[in-house]
Amino acid sequence: MNKSTFFLTFLILILLSITVSAQRKQVDTIGFAKYGWQMNLLFSRISQSDKAPVEEFYKAAICPHDDYAYAGGLYAKTLAGIKAQTVILIGVAHKAKKFGLENKLIFDSFGEWKCTVRDIKVSSLRQRLLQTLSPGSYVIHDSIMQVEHSLEAITPFLQRNSAWLDIVPILVPQMTFENMELFSEELAQHVFAYMREKRLSFGRDLAIVISNDALHYGDEDWGGANMAPFGTDDTGTAKAVAKDLMIIDDCLKGEVKKERIRKFYDYTVSADDFRDYNWTWCGRYSVPFGILFAEKLNQLYCGKPLTGEVTGYRSSITTPHIEVKDLRMGTTAPANQRHWVSYIGVRFM
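Counting in my numbering, the final residue of the sequence shown is number 349, and the numbers go up one at a time with none missing.
Derived by calculation from the structure, the hints in this document are not laboratory data.
One or more of the hints may lead you astray.
Simulated restraints on C-beta separations [claimed, not checked]:
{"id": "1", "residue 1": "P334", "residue 2": "L130", "range": "29 to 35 Å"}
{"id": "2", "residue 1": "S143", "residue 2": "K243", "range": "33 to 39 Å"}
{"id": "3", "residue 1": "A238", "residue 2": "E112", "range": "43 to 49 Å"}
{"id": "4", "residue 1": "D249", "residue 2": "M349", "range": "17 to 23 Å"}
{"id": "5", "residue 1": "R204", "residue 2": "D233", "range": "45 to 51 Å"}
{"id": "6", "residue 1": "L130", "residue 2": "E309", "range": "30 to 36 Å"}
{"id": "7", "residue 1": "K243", "residue 2": "M349", "range": "26 to 32 Å"}
For glycine and all other residues, C-beta sits at the position ideal for the given N, C-alpha and C.
All chains should be built: construct the whole structure from the sequences, respecting the hints.
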């Protein structure tokens, strides 16, 4: 091989490496669909009431990210009104502690995300944000974004509503409420400036989806932790559900107000250490940050508060499971009174 041929081959290999690394790959291919045919068959098994089309364009939504067998119907129902081409995804950073990440928003540098029907492009809005946000408010961390499952769960459903969907993925690790307020304000200001420049409508052209699984409950298969303060019998389960519903009524239903968002944070995050749970929702950071951001953006957009409406409250032990084994899918965790997860869907308009 002569020098010119060697150089050309070497250059091609570098370019291929860059191209491959520019795409975020799917992590969970058991709980979530990997192929379009899986998604089509899964959708055919979701109840008609859950997949009924809606006329409204939701500005924001809170959606689960658990296995489709457990929560597929609530995904479909909650995301039915998210039809914008550009969606800002606010996700959970499950492995933030492992990577030593906290108190900063997490972005990635991938150019596209692998998805079921076609790969999803990352919006040019992300680059604008990285150029304009305060450097101390965020980090770019591809490694955590690659291993995080809370956003890839949602994208196939969004792609059904908007074929040429583009996204801005953001993860929210352990964070103080004070930083949530600061970062959500700055993010809203810069997103609104972009919307105004591009003449985008909030809801029709750009929307926000907040990823969240609600209560994680039980005393088995939680890494040795006992997360069942009320016990795991019928009475304990009922008490846990009642507390969940009380938090939802107090904080997520109706007109969005900062005091109610703060109340949610106080319900779910330890007063002694913001890194710890008070009530075991894995969305204890993504939910308050996401609602703060959506509310501030709406105030800039139209000068009015958002209103939240619950699309459903379900759990892995109360909702009939969708059969997925024949789709080469399955479940990634058990579902019984000693290990269960609750799900909440909320739409904001």
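Hint check for M349 and D249 - Cβ pair distance inside 17 to 23 Å: Holds - the Cβ-Cβ distance for D249 and M349, about 19 Å, lies within 17 to 23 Å.
Between L130 and E309, does the beta-carbon spacing fit 30 to 36 Å? holds (33 Å)
Range first: 26 to 32 Å. Now tell me if the beta carbons of K243 and M349 are that far apart. At roughly 27 Å between Cβ atoms, M349 and K243 fall inside 26 to 32 Å, so the hint holds.
Cβ-Cβ distance between P334 and L130: within 29 to 35 Å? Violated - the Cβ-Cβ distance for P334 and L130, about 40 Å, lies outside 29 to 35 Å.
I want to verify a distance hint. Is the separation of the beta carbons of R204 and D233 within 45 to 51 Å? Given range 45 to 51 Å: holds, Cβ gap about 48 Å.
Does 43 to 49 Å hold as the CB distance between A238 and E112, or does it fail? Since A238 and E112 have Cβ atoms about 45 Å apart, the given range 43 to 49 Å holds.
Against the range 33 to 39 Å, how does the distance between the Cβ atoms of S143 and K243 compare: consistent or not? Given a distance of about 35 Å, which is inside 33 to 39 Å, the answer is holds.
In this structure, only the earlier hint numbered 1 is contradicted, and the remaining ones agree with it.
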